[in-house]
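Taken in order, these protein sequences are the chains called A and B.
Mapping of the first sequence onto the numbering used here: residues 1 to 386, in sequence order.
Mapping of the second sequence onto the numbering used here: residues 1 to 194, in sequence order.
The hints are simulated quantities; they were obtained by calculation from the structure and are not laboratory data.
Accuracy of the hints is not assured; some may be wrong.
Derived BS3-like pairs: lysine-lysine, alpha-carbon spacing no greater than 30 Å straight-line [to be verified]:
1) LYS352(A) - LYS131(B)
2) LYS61(A) - LYS131(B)
3) LYS164(B) - LYS352(A)
4) LYS26(A) - LYS210(A)
5) LYS327(A) - LYS352(A)
6) LYS164(B) - LYS61(A)
7) LYS193(A) - LYS211(A)
8) LYS131(B) - LYS182(B)
Here are some chain B residues pointing at chain A (derived, C-beta under 10 Å) [to be verified]:
9) ASN42
10) VAL43
11) ASP179
Quick reminder that beta carbons are idealized off the backbone N, C-alpha and C, glycines included.
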Amino acid sequence: MRCIAIATLLLLSLSLKAGDADLTPKIPPGYKPDGANDEKGMWLELEEYERAIQRSPLLVKDPYINAYVRDVTCRVTGEYCADLRIYVIRNPYFNASMTANGIVQVWTGLLLRVSSEDELAAVLGHELAHYTQLHTMDRLRRTTKAATSGSIFDMGLLVLTGVSVPVGQLTALASLMAYSRGDESEADLLGAKFMADAGYDPHAAADLWKKIVDEDANAVAKGTEPGLFSKTHPSSADRIVELNRFVDENFPEATADPANKQSHLDMLNAYYLMLMEDQIDTNRFGRTEVLLDRHRQMGVQEELVHFFHGEMYRQRDEAGDMEFAIKAYTLAAQGDNPVPDAYRNLGYIYLKQDNLPQAQYNFRQYLELEPDADDRAMIEFYLNED
Amino acid sequence: MVRKSFVLTAAMLLSGCVAYSAVAPGTIDYSGLKVTSAQAWNVAPGVAGGALRKDSLQWTQDGLLLDRIVFIPAVADGETLFRVSSGADALPSFQADMLPNEIEEIVESSIVKLFAQGEVSVDTQNLRPHKFGETQGVLFDMQMAVSDGPDYSGITGAFVNGGKLYVIIYLGAQPYYFDKHKDEALAIIRGARL
């Protein structure tokens, strides 16, 4: 009862704050810190961090993906776009960020999770709001106070290499710290306003939050950890309610342009193999299942979706999963756009089931569709068995 | 716990308590895995191994960031290729009935999972059969990109014997270092046997 009372009070206070929020950007386009202050020093550190991003092998250089993300970013950020440098990072987790000096990072895991340009714009509008309200600078200041030795990011490298490379420690730590609830609320509402001003449907912001909540719920049920964006941007049902109320009151006429769904679908279909292979590698089967169901509803090429359903079932390997995998691979192999790897993986499943004739039939189909397969020698090894 | 380990590791490295040792050319036996080298290698001290299993070892010529051969012998059914640290994503476990494609996947996925939030991207290719002595196994190539680090290329050899998995991974930074030691590393991997 006490928890309900506290939650009610919190909700009321948030509603009041949302109603009173001043949604005027605190910095104009072209903003740069002046004078000798800590802000200028932090911008200098961020420049070093940006050079590390530019050197990163995980930077996606594909012109199509970069142009797509840049177009959406510039549309939603308007005149601020000239102050931003946009980097697409190959990382299967859901995240986007904008630093105080205008470094925008969009992870490929975000592209895999949004259903339209509008939803991508929702995340970018939200991050722009953190930027224009100087939340990013406030967070960096808090991190400076809290910083201790070591870097979370360097830990990853330490695990494999045994050697720590300190690059952008402070900025890396800051990116893992959550914004305050008040800052998040302000960014939600101002972000929705940026979207509407750019002609995007601001309802997409709440839709996306609901998807994040659903994905997290499914992952928790499978015993996996929450994603990075969820850690730094705590999501909750009341946040969705607040956003919906704000949008309904201020932008009642806003509707989604179907072309914004199609453009995102075109990008996903073109890069689906790369994006989903990274997701499969995370072994987060609960999340993967949610994503695949969503992609099927969105209209992603069905053979590709079937193939990754097969991958998920085969690698999860719980009771009955192999039969599900066989069904999914068969659909992927026999559709109008057959996925060659589906035949290969069917072959391996039948091999494991000691069904050599079926295995060899599928291996032959694989090599017929993919004569230059890089694993041809391995497949021929099994074709020569009797 | 991770931070504590890091501080301890850093302190030991800085204080010079740990040292590399040399392994002379010839045949060495690591937990039943016999490997033969034509030249001397440096054996990394255990503390530099990070998440390596207790019976795993690393050799290097120019330093672990630039090149390394990782020996992971005798992984039993249900065990992981690397040590699982508290709070980290669970690493995939080896199953004794795994086929070549699954062994390729467990190596790839284990490396990816060591970096909890996608700080590494690993792609494997050219899966091919190879006999390690009398035991049929596989070889495959690897491309690895690490956030804040260089690109790496790699070659992995793996086989299952007596229900246990034996893995040897060579990684070299690109450009230059991978090619510098590739021939010797490949000869060590191809020549491994029980």
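**Q.** Hints violated by the structure (numbers, ascending)
**A.** Violated hints (numbers, rising): 2, 6, 9, 10 and 11; every other hint is consistent with the structure.
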